[in-house]
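Visitor: One letter stands for each residue in the lines below.
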Amino acid sequence: MTEPRPLALHVPEPGCRPGDTPDFSDFEIPRAGAVRRPEVDEAPEDMRDMAFSVVRVLNKAGEAVGPWAGILDAEALRNGLRHMMTLRQFDERMLKAQRQGKTSFYVQNLGEEAVACAFRMALEDGDMNFPTYRQAGLLIAGGYPMTQMMNQIYSNSADPLKGRQLPVMYSARDHGFFSVSGNLGTQFIQAVGWAMASAISHDTRIAAAWIGDGSTSENDFHAAMVFASTYKAPVILNIVNNQWAISTFQGMARGGAVTFAARGHGFGIPAICVDGNDYLAVHAVAKWAAERARSGLGPSLIEHVTYRAGGHSTSDDPSAYRSKDEFSAWPLGDPIDRLKRHLITIGEWSEDRHTQAQAEIVDTVRSAQREAEANGTLISGDKPSPRSMFDDVFAEMPPHLREQRQEAGY
Amino acid sequence: MARMTMIEAIRNAHDLAMERDKRVVVFGEDVGYFGGVFRCTAGLQKKYGPHRCFDAPINESGIVGAGIGMAAYGLKPVVEIQFADYMYPAYDQIVSEAARLRHRSAGDFTCSMVIRMPTGGGIFGGQTHSQSPEALFTHVSGLKVVMPANPRDAKGLLLAAIEDPDPVIFLEPKRLYNGPFDGHHDRPVVPWKNHELGDVSEDYYTVPLGKAEIARAGEAVTVLAYGTMVYVAQAAAEEAGVDAEIIDLRTLLPLDLDAIEQSVRKTGRCIVIHEATKTSGFGAELSALVQERCFYHLEAPIVRVTGWDTPYPHAQEWTYFPGPERIKQAFTQVLEG
Numbered sequence: 001m002t003e004p005r006p007l008a009l010h011v012p013e014p015g016c017r018p019g020d021t022p023d024f025s026d027f028e029i030p031r032a033g034a035v036r037r038p039e040v041d042e043a044p045e046d047m048r049d050m051a052f053s054v055v056r057v058l059n060k061a062g063e064a065v066g067p068w069a070g071i072l073d074a075e076a077l078r079n080g081l082r083h084m085m086t087l088r089q090f091d092e093r094m095l096k097a098q099r100q101g102k103t104s105f106y107v108q109n110l111g112e113e114a115v116a117c118a119f120r121m122a123l124e125d126g127d128m129n130f131p132t133y134r135q136a137g138l139l140i141a142g143g144y145p146m147t148q149m150m151n152q153i154y155s156n157s158a159d160p161l162k163g164r165q166l167p168v169m170y171s172a173r174d175h176g177f178f179s180v181s182g183n184l185g186t187q188f189i190q191a192v193g194w195a196m197a198s199a200i201s202h203d204t205r206i207a208a209a210w211i212g213d214g215s216t217s218e219n220d221f222h223a224a225m226v227f228a229s230t231y232k233a234p235v236i237l238n239i240v241n242n243q244w245a246i247s248t249f250q251g252m253a254r255g256g257a258v259t260f261a262a263r264g265h266g267f268g269i270p271a272i273c274v275d276g277n278d279y280l281a282v283h284a285v286a287k288w289a290a291e292r293a294r295s296g297l298g299p300s301l302i303e304h305v306t307y308r309a310g311g312h313s314t315s316d317d318p319s320a321y322r323s324k325d326e327f328s329a330w331p332l333g334d335p336i337d338r339l340k341r342h343l344i345t346i347g348e349w350s351e352d353r354h355t356q357a358q359a360e361i362v363d364t365v366r367s368a369q370r371e372a373e374a375n376g377t378l379i380s381g382d383k384p385s386p387r388s389m390f391d392d393v394f395a396e397m398p399p400h401l402r403e404q405r406q407e408a409g410y
Numbered sequence: 001m002a003r004m005t006m007i008e009a010i011r012n013a014h015d016l017a018m019e020r021d022k023r024v025v026v027f028g029e030d031v032g033y034f035g036g037v038f039r040c041t042a043g044l045q046k047k048y049g050p051h052r053c054f055d056a057p058i059n060e061s062g063i064v065g066a067g068i069g070m071a072a073y074g075l076k077p078v079v080e081i082q083f084a085d086y087m088y089p090a091y092d093q094i095v096s097e098a099a100r101l102r103h104r105s106a107g108d109f110t111c112s113m114v115i116r117m118p119t120g121g122g123i124f125g126g127q128t129h130s131q132s133p134e135a136l137f138t139h140v141s142g143l144k145v146v147m148p149a150n151p152r153d154a155k156g157l158l159l160a161a162i163e164d165p166d167p168v169i170f171l172e173p174k175r176l177y178n179g180p181f182d183g184h185h186d187r188p189v190v191p192w193k194n195h196e197l198g199d200v201s202e203d204y205y206t207v208p209l210g211k212a213e214i215a216r217a218g219e220a221v222t223v224l225a226y227g228t229m230v231y232v233a234q235a236a237a238e239e240a241g242v243d244a245e246i247i248d249l250r251t252l253l254p255l256d257l258d259a260i261e262q263s264v265r266k267t268g269r270c271i272v273i274h275e276a277t278k279t280s281g282f283g284a285e286l287s288a289l290v291q292e293r294c295f296y297h298l299e300a301p302i303v304r305v306t307g308w309d310t311p312y313p314h315a316q317e318w319t320y321f322p323g324p325e326r327i328k329q330a331f332t333q334v335l336e337g
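Protein chains in written order, with our numbering: chain A, 1 to 410; chain B, 1 to 337.
FYI, nobody ran anything at the bench for these hints, they're computed from the structure. Owing to the predicted nature of the structure, the values given are computational and were not obtained by experimental measurement. Just so it is clear, CB atoms sit at the ideal spot from N, CA and C, and this is done for glycine as well. Accuracy of the hints is not assured; some may be wrong.
Some chain A residues judged to face chain B by a derived CB distance under 8 Å, without partners named [said to hold, decoys possible]: (1) ILE246; (2) THR248; (3) GLN356.
I would like the entire structure built from these sequences, with the hints used as guidance.
Guide: Below, the structure written as structure tokens:
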């Protein structure tokens with residue numbers, strides 16, 4: 001019997017803080033095309049390997065290779081590129097609008113555009129996403145009007161949410177986009193419930209749940225996993241691992257597990273890691289998971305490995321907690337550059353067409369912004385009526401609220 | 001004596017408590033390396049090491065639950081919930097566990113911990129960054145509930161809360177972090193460095209829990225307020241020329257009933273103000289207590305000025321916020337009544 005030694009608390013720290021040189025050498029990235037594609041009905045216990053590698057399609061030369069390649073034609077890829085470029089331009093303008101004081105808050109998608117944009121194209125009309133505040137790509141790629149998004153961001157007189165919600169907490173039922181709460185993780189389990197309802201109703205629709213790496217710590221993540229597993233709900237469980245939860249690195253949420261995807265194994269849920277900056281890979285894996293869900297094979301867990309290139313929101317300065325050089329050192333690169341390069345490599349795009357597309361997109365986003373600002377911004381112009389804030393607390397306004405509305409002068 | 005913002009005063013309280021008592025540990029989301037999204041714990045990890053000030057996974061029920069375990073062991077956890085609006089996943093741990101541990105184990109296990117959370121709106125935070133959930137805590141047996149209104153009290157009350165043998169909910173009105181906001185959102189706020197209540201002793205001191213303070217002495221009407229509303233009430237009283245006696249409750253539970261009773265018996269009129277929604281808010285409790293204890297001294301019905309019974313809206317936040325104009329109307333109502 002040895003003398004017990006004093007214990008010490010383990011507190012994980014990222015490898016790189018401000019002033020350090022980013023080092024991703026521990027991050028093992030398989031060659032594009034190297035990871036197998038299991039049949040959708042393969043037994044979950046036979047595809048555990050999928051949680052410990054990364055599905056990639058685009059190689060360094062810009063070619064689409066391996067068993068996950070070949071789903072999308074050139075036109076679909078060009079659309080995907082335009083969606084991502086549009087989202088980036090949208091972000092740029094809204095970030096600027098926030099800095100100009102036209103709204104209170106903004107959350108950008110910089111660096112992770114491929115995740116939501118590509119995923120959206122694997123869904124059908126009638127499917128439902130339960131997004132976080134960083135999946136605006138679902139709306140852009142789904143054809144939701146940008147002016148409407150901006151109206152919401154500006155809380156103006158045409159805001160479909162009547163000025164009630166924080167900017168970017170959109171809601172668009174007809175576009176398969178559930179109302180964003182703003183609280184973390186709460187909606188992961190709701191997506192499972194929605195999927196269960198589709199099964200109960202003998203429908204054919206599926207749901208997609210979204211959560212960030214940090215929020216997988218929340219109880220609701222685990223609730224979603226157990227319900228999805230127990231009822232084999234037709235749901236795709238998406239974890240967007242963008243490395244950072246405000247100032248805490250993903251290791252704070254992952255703990256001793258090798259990947260977030262591996263969380264699926266304890267529940268018998270098939271789990272795949274995908275290169276989140278590879279439009280083709282995200283789309284192919286999403287398509288695979290959607291097929292599983294729609295065939296009654298149950299839930300799949302996808303870990304999208306990406307990098308949050310911007311701050312968490314307009315309320316924080318990332319240079320206070322991480323190295324400024326981290327994004328340039330990030331080994332999975334930039335999703336837009338990678339898809340552009342692929343299209344050029346296969347002869348379906350050119351620098352000239354890219355420049356022209358960029359100019360068109362700048363113009364489209366600018367027009368949308370002009371149109372939205374005609375409806376007002378948070379600080380000027382028309383606003384939603386204060387009277388309307390008393391609506392929708394209940395379907396029918398109870399007497400005490402009617403009285404309060406009158407007391408407020410409306 | 002130094003001039004401090006409320007953030008600096010709270011940080012200083014942590015620092016002194018950690019220096020004085022090795023059992024004090026501080027954790028929560030982003031509180032370690034980054035020092036908290038409001039910077040209330042900045043520098044603590046560097047000074048005391050990551051085993052005493054550290055980041056937590058994003059799990060509020062885990063933060064409080066782990067804190068309870070540490071408190072039962074004999075440590076003094078001071079945990080941060082990043083926004084009061086994020087508290088709900090922790091509610092079971094707070095209500096069913098922290099609040100009742102002493103009672104259900106007949107004192108065998110206890111829970112001396114502080115749960116800090118930035119509270120209140122007026123920052124365009126929408127419904128998820130603006131709420132005032134104090135009544136959800138005062139309704140629970142076994143919790144003490146504190147809300148300071150200035151840097152000096154924030155420090156002294158936080159140190160008293162850390163010393164306290166029971167769980168204390170420490171609500172920080174975030175609109176007061178940088179200055180005494182008086183509800184006039186279109187005017188700049190005087191920073192604490194230019195305000196006498198920004199004078200904070202650098203020494204260790206406590207402000208006792210359960211003691212209110214008269215923020216403005218007066219004869220005409222008693223105003224019961226806490227947090228941001230203390231300054232909104234002061235602005236309203238000055239602008240309306242009403243000789244109001246404004247009581248900063250500081251601790252909601254236990255409540256300084258003597259101070260309330262003494263004032264209402266003197267003025268014969270009472271207004272209760274809070275930013276939280278009206279129905280079943282803490283104002284209902286205050287109103288009932290004043291009625292029970294001072295009924296024969298009241299010359300007018302008690303008036304409540306509160307947030308409306310709606311979620312806290314984003315664009316219409318100043319319609320929701322009970323500002324000076326609404327308090328002035330209440331003065332008219334209670335003085336003419």
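Visitor: Does the CB of THR248/A sit less than 8 Å away from some CB of chain B?
Guide: The hint holds - THR248/A has a Cβ within 8 Å of chain B, the shortest such distance being about 5 Å.
Visitor: For the hint on GLN356/A, does the least C-beta distance to chain B fall short of 8 Å?
Guide: violated (38 Å)
Visitor: Would the stated hint for ILE246/A survive a check requiring a Cβ distance to chain B of less than 8 Å?
Guide: Cβ of ILE246/A sits 5 Å from chain B, so the hint holds.
In terms of the numbered hints stated before, the structure departs from hint 3 and from no other.
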